[in-house]
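There are 2 protein chains.
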Amino acid sequence: MTTASVDVDTARRDYAALVDRGLSLDITRGKPSPAQLDLANGLLTLPGDGTFKAEDGTDVRNYGGLKGLPELRRIFAGALQVPAGQLLAAGNSSLELMHDAVVQALLSKLPGAERRWADEPTLKFLAPVPGYDRHFALTERFGIELVPVPMTDQGPDMAVVERLVAEDSAVKGIWCVPKYSNPTGVTFSDDVVKRFATMTTAAPDFRIFWDNAYAVHHLTDAEPALADLLALATEAGNADRVFVFGSTSKITHAGAGVGFFGASEANLAWWVGNIGKRTIGPDKVNQLRHALFLEDEAGVRAHMRKHAEIIGPKFEAVDRILTEELGDSGLATWTKPTGGYFVSLTVPEGTAKEVVRLAKEAGVALTPAGATHPHGDDPADAVIRIAPTFPVLADVEEAVRALAVCVRLAAAERA
Amino acid sequence: MTTASVDVDTARRDYAALVDRGLSLDITRGKPSPAQLDLANGLLTLPGDGTFKAEDGTDVRNYGGLKGLPELRRIFAGALQVPAGQLLAAGNSSLELMHDAVVQALLSKLPGAERRWADEPTLKFLAPVPGYDRHFALTERFGIELVPVPMTDQGPDMAVVERLVAEDSAVKGIWCVPKYSNPTGVTFSDDVVKRFATMTTAAPDFRIFWDNAYAVHHLTDAEPALADLLALATEAGNADRVFVFGSTSKITHAGAGVGFFGASEANLAWWVGNIGKRTIGPDKVNQLRHALFLEDEAGVRAHMRKHAEIIGPKFEAVDRILTEELGDSGLATWTKPTGGYFVSLTVPEGTAKEVVRLAKEAGVALTPAGATHPHGDDPADAVIRIAPTFPVLADVEEAVRALAVCVRLAAAERA
Numbered sequence: 001m002t003t004a005s006v007d008v009d010t011a012r013r014d015y016a017a018l019v020d021r022g023l024s025l026d027i028t029r030g031k032p033s034p035a036q037l038d039l040a041n042g043l044l045t046l047p048g049d050g051t052f053k054a055e056d057g058t059d060v061r062n063y064g065g066l067k068g069l070p071e072l073r074r075i076f077a078g079a080l081q082v083p084a085g086q087l088l089a090a091g092n093s094s095l096e097l098m099h100d101a102v103v104q105a106l107l108s109k110l111p112g113a114e115r116r117w118a119d120e121p122t123l124k125f126l127a128p129v130p131g132y133d134r135h136f137a138l139t140e141r142f143g144i145e146l147v148p149v150p151m152t153d154q155g156p157d158m159a160v161v162e163r164l165v166a167e168d169s170a171v172k173g174i175w176c177v178p179k180y181s182n183p184t185g186v187t188f189s190d191d192v193v194k195r196f197a198t199m200t201t202a203a204p205d206f207r208i209f210w211d212n213a214y215a216v217h218h219l220t221d222a223e224p225a226l227a228d229l230l231a232l233a234t235e236a237g238n239a240d241r242v243f244v245f246g247s248t249s250k251i252t253h254a255g256a257g258v259g260f261f262g263a264s265e266a267n268l269a270w271w272v273g274n275i276g277k278r279t280i281g282p283d284k285v286n287q288l289r290h291a292l293f294l295e296d297e298a299g300v301r302a303h304m305r306k307h308a309e310i311i312g313p314k315f316e317a318v319d320r321i322l323t324e325e326l327g328d329s330g331l332a333t334w335t336k337p338t339g340g341y342f343v344s345l346t347v348p349e350g351t352a353k354e355v356v357r358l359a360k361e362a363g364v365a366l367t368p369a370g371a372t373h374p375h376g377d378d379p380a381d382a383v384i385r386i387a388p389t390f391p392v393l394a395d396v397e398e399a400v401r402a403l404a405v406c407v408r409l410a411a412a413e414r415a
Numbered sequence: 001m002t003t004a005s006v007d008v009d010t011a012r013r014d015y016a017a018l019v020d021r022g023l024s025l026d027i028t029r030g031k032p033s034p035a036q037l038d039l040a041n042g043l044l045t046l047p048g049d050g051t052f053k054a055e056d057g058t059d060v061r062n063y064g065g066l067k068g069l070p071e072l073r074r075i076f077a078g079a080l081q082v083p084a085g086q087l088l089a090a091g092n093s094s095l096e097l098m099h100d101a102v103v104q105a106l107l108s109k110l111p112g113a114e115r116r117w118a119d120e121p122t123l124k125f126l127a128p129v130p131g132y133d134r135h136f137a138l139t140e141r142f143g144i145e146l147v148p149v150p151m152t153d154q155g156p157d158m159a160v161v162e163r164l165v166a167e168d169s170a171v172k173g174i175w176c177v178p179k180y181s182n183p184t185g186v187t188f189s190d191d192v193v194k195r196f197a198t199m200t201t202a203a204p205d206f207r208i209f210w211d212n213a214y215a216v217h218h219l220t221d222a223e224p225a226l227a228d229l230l231a232l233a234t235e236a237g238n239a240d241r242v243f244v245f246g247s248t249s250k251i252t253h254a255g256a257g258v259g260f261f262g263a264s265e266a267n268l269a270w271w272v273g274n275i276g277k278r279t280i281g282p283d284k285v286n287q288l289r290h291a292l293f294l295e296d297e298a299g300v301r302a303h304m305r306k307h308a309e310i311i312g313p314k315f316e317a318v319d320r321i322l323t324e325e326l327g328d329s330g331l332a333t334w335t336k337p338t339g340g341y342f343v344s345l346t347v348p349e350g351t352a353k354e355v356v357r358l359a360k361e362a363g364v365a366l367t368p369a370g371a372t373h374p375h376g377d378d379p380a381d382a383v384i385r386i387a388p389t390f391p392v393l394a395d396v397e398e399a400v401r402a403l404a405v406c407v408r409l410a411a412a413e414r415a
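Keeping their order, the protein sequence lines are chains Z and V. At position 177 of the first sequence (counting the first as 1) the number is 177 in the UniProt record's numbering, and the numbers step up by one without a gap. At position 76 of the second sequence (counting the first as 1) the number is 76 in the UniProt record's numbering, and the numbers step up by one without a gap.
Do not take every clue at face value.
As the list claims (entries may be wrong) - Computed footprint of chain V on chain Z, listed as stretches where at least three residues anywhere in the stretch have a Cβ under 8 Å from a Cβ of chain V:
1) 102-115
2) 137-143
Claimed, not checked - Listed below are several chain V residues computed to face chain Z (Cβ distance under 8 Å; list not exhaustive):
3) Pro34
4) Asn62
5) Leu66
6) Leu106
7) Ala118
8) Ala137
9) Ala256
10) Arg278
11) Gly281
12) Pro282
13) Lys284
14) Asn286
To be verified - In silico DSBU-like cross-links for lysine-lysine, where the CA-CA straight-line distance does not exceed 30 Å:
15) Z:Lys277 - V:Lys67
16) V:Lys109 - V:Lys67
17) Z:Lys277 - Z:Lys109
18) V:Lys360 - V:Lys277
19) Z:Lys277 - V:Lys277
20) Z:Lys360 - V:Lys67
21) Z:Lys277 - V:Lys109
22) V:Lys277 - Z:Lys353
23) V:Lys360 - Z:Lys53
24) V:Lys360 - V:Lys336
25) Z:Lys67 - V:Lys67
26) V:Lys277 - Z:Lys67
27) V:Lys53 - Z:Lys306
28) Z:Lys53 - V:Lys306
29) Z:Lys109 - V:Lys277
30) V:Lys277 - V:Lys53
31) V:Lys109 - V:Lys277
32) Z:Lys67 - Z:Lys109
33) V:Lys353 - V:Lys336
34) Z:Lys360 - V:Lys277
35) V:Lys67 - V:Lys53
36) Z:Lys360 - V:Lys53
Calculated directly from the structure, the hints in this document are not laboratory data. Just so it is clear, CB atoms sit at the ideal spot from N, CA and C, and this is done for glycine as well.
Start from the sequences, fold in the hints, and give me the full structure.
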């Protein structure tokens, strides 16, 4: 990126005026807005008076059913690209399923593994960057070394991935958000997915953590197809390398949705054997509530269009204002996602932290610079994640305009 | 127990008649009956149309709130004997909280610990017997050795507990169901609780897993008081040794309730720091649903009286029929619990497995003999757990009468 000259006096004056406005705005996290949550308020009175039987007659109020309700698993099988029989419906969070997958692998030998991960001398995960801070934090906590892999506009740089997984058996996993990736918005290309399915790994117990968090979260009618990793890997004899995760958190209610885990039969047997010691079953009442509310795959699709109507204009506003404020400055590039929850803004090297600091002092909270990288360290100090869904449109516009002021000042003072 | 003589021909004839009846009854697990679940059907339409704000204004539909809703924590603070500020409300299961406490201790150093449990050469838990099979299975899975401790009618034999925890730093924990214990129905005496609070442990990171599953589950008006372990331990400078667990599973809906975890501030900081990497918060909508339904501590008490009206007669039937069938036989003793979910039946040594087998062949499913002991092994082969809550009263009566036939036959054939 070429850094155009910025008049430092103008930049300072603009910033002083911004601070004087005393804003208090927050575009830090990928949270749905109240208007989005309202779309699922039907859940607040479901499953309804006297309704507590699943389609197979199970009393959802009682214990049992480790795999979750078949009717709900069926609704999401298509979107998550996992046969319903291999897709489990669980608690209110997919993050906890990813965490527990790592924990179970640490403490109980995975199918194909020579030993428990806890007994390995070194553990590494590949981390496409920029990526999702909660993925990184989860693995870092267990002392798992994160090896950055550059993201391209097709997905992770597969030449790098293939080399690392082939040469080092300590590399046990990779974090992926394959559709509308967090934070770049990229959907992995067919070639990338196919290479994931067929690549040679040194570790017999390598796992792809396929966090398909935004499977149905389209912002436009242009819905990019994602190749079916589990099917391709199964075809290639590598079924066990795939762990699929998903949830309704950004479909219905963020804190009260249903998480999903999909995998091969061998992985599922391992999973169910382990969680059977942990729980007598998930909240099936909430699963029935969701099945009744969403009805079927078409119901999910119709529901997601209402989300797009609310948040689409916010994403358009981010792009419009960044274009107005920084478009011809040479100071920034940014993604124009057609789905998901984030815009990734790239500012001049060495200024991202300063931009976030300046914004904070002006009353605009941003995700910490570096959060998109392992250990919170973006070596170029250039990537800022924008999460425009939660605030109302006017606040998004104001926050992004303020952000542009901070980008200009940081660049000017660095020049 | 003296084993009176039983006429083997009579016993065989009775058993043949029983088999001929082709029963199909199940008194295996501590599950609430549909009639009990019906008591909480108000939950099926709660929190209600447009109701999604907690008392502090939190939108329960969105992410966040690792500690759970204060209004719900307050309702259960008294019953669980944990100050509301130190009591966390979580997901739908307390078993998973116990599991995760063990997992977190394995992988992240506990307050006071010298190292992670995973890095200890040997790990042991004390297991009061007879006890709860799911507790045992959870710890066995991680290779934790279970050391049996006899239960008395006052709680675990504290002379044994004190000796074991004082002399062996590999002993890291003990499983306790302190009120209406599973399966004996014993409530720990004040002396036992006080000794737990004050005893000297060789391990600096010893933890009492205080599973107060039946805190409010009275069957009669005689409600035994349980001393406040956390308060006593805190007073003795041992606050960190206490992990309290509880849940609404057998209060509202077994599969869709709320679990609780209570502990010292240091333990809570450790816990929240760990689960903060796992989840963005529990299902707060379900917590609000419960707070609205139960209202307050008096609401819980009133609700539990309705349970007692349903299951009290089932426990009375167990006692009445065992008395009628075996009372003067000298073949069996059994507990007469005033709360909780189980009756513990003791049959002549070496016959429990055979009784369960005979019952199964006659169409009456019982919890496997030995399940009340670590590794499923009751050395005396004498304890059978009866769970009378789930079947309707007539089926409980029939099942227990059938059980008595099997007890008589097993004893006669062994004689």
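Compare the distance between the alpha carbons of Lys53 (chain Z) and Lys306 (chain V) with 30 Å, and conclude whether the hinted pair is satisfied. 23 Å, holds
Using the nearest Cβ pair, does Asn286 (chain V) come within less than 8 Å of chain Z? 7 Å, holds
Chain Z contact restraint on Pro282 (chain V) - CB to CB distance below 8 Å: It holds, given that the least Cβ distance between Pro282 (chain V) and chain Z is near 7 Å, below 8 Å.
Measure nothing beyond the straight line between the CA atoms of Lys277 (chain Z) and Lys109 (chain V); if it is 30 Å or shorter, mark the hint as holding. Within the cut-off at roughly 22 Å; holds.
Using the nearest Cβ pair, does Arg278 (chain V) come within less than 8 Å of chain Z? Because about 4 Å separates Arg278 (chain V) from the closest Cβ in chain Z, which is inside the 8 Å limit, the hint holds.
Going by Cβ atoms only, is Ala256 (chain V) closer than 8 Å to chain Z? Interface hint status for Ala256 (chain V): holds (4 Å vs cutoff 8 Å).
Given Leu66 (chain V) was flagged as interface, is its beta-carbon under 8 Å from a beta-carbon of chain Z? Constraint on Leu66 (chain V) not satisfied, violated at 11 Å.
Hinted pair Lys67 (chain Z) and Lys67 (chain V), Cα distance within 30 Å: Judged against 30 Å, a Cα distance of about 27 Å means the pair holds.
Straight-line alpha-carbon gap Lys353 (chain V) to Lys336 (chain V), limit 30 Å: Holds - the C-alpha atoms of Lys336 (chain V) and Lys353 (chain V) are around 22 Å apart, at most 30 Å.
Would you mind confirming whether the straight-line C-alpha gap from Lys277 (chain V) to Lys353 (chain Z) stays at or under 30 Å? 24 Å, holds
Are Lys109 (chain V) and Lys67 (chain V) close enough, with their CA atoms no more than 30 Å apart? With Cα atoms ~21 Å apart, Lys109 (chain V) and Lys67 (chain V) stay inside 30 Å; holds.
Using the nearest Cβ pair, does Ala118 (chain V) come within less than 8 Å of chain Z? Given a least distance of 6 Å, the restraint on Ala118 (chain V) holds.
Against the hints set out earlier in the document, violations occur for numbers 5 and 18.
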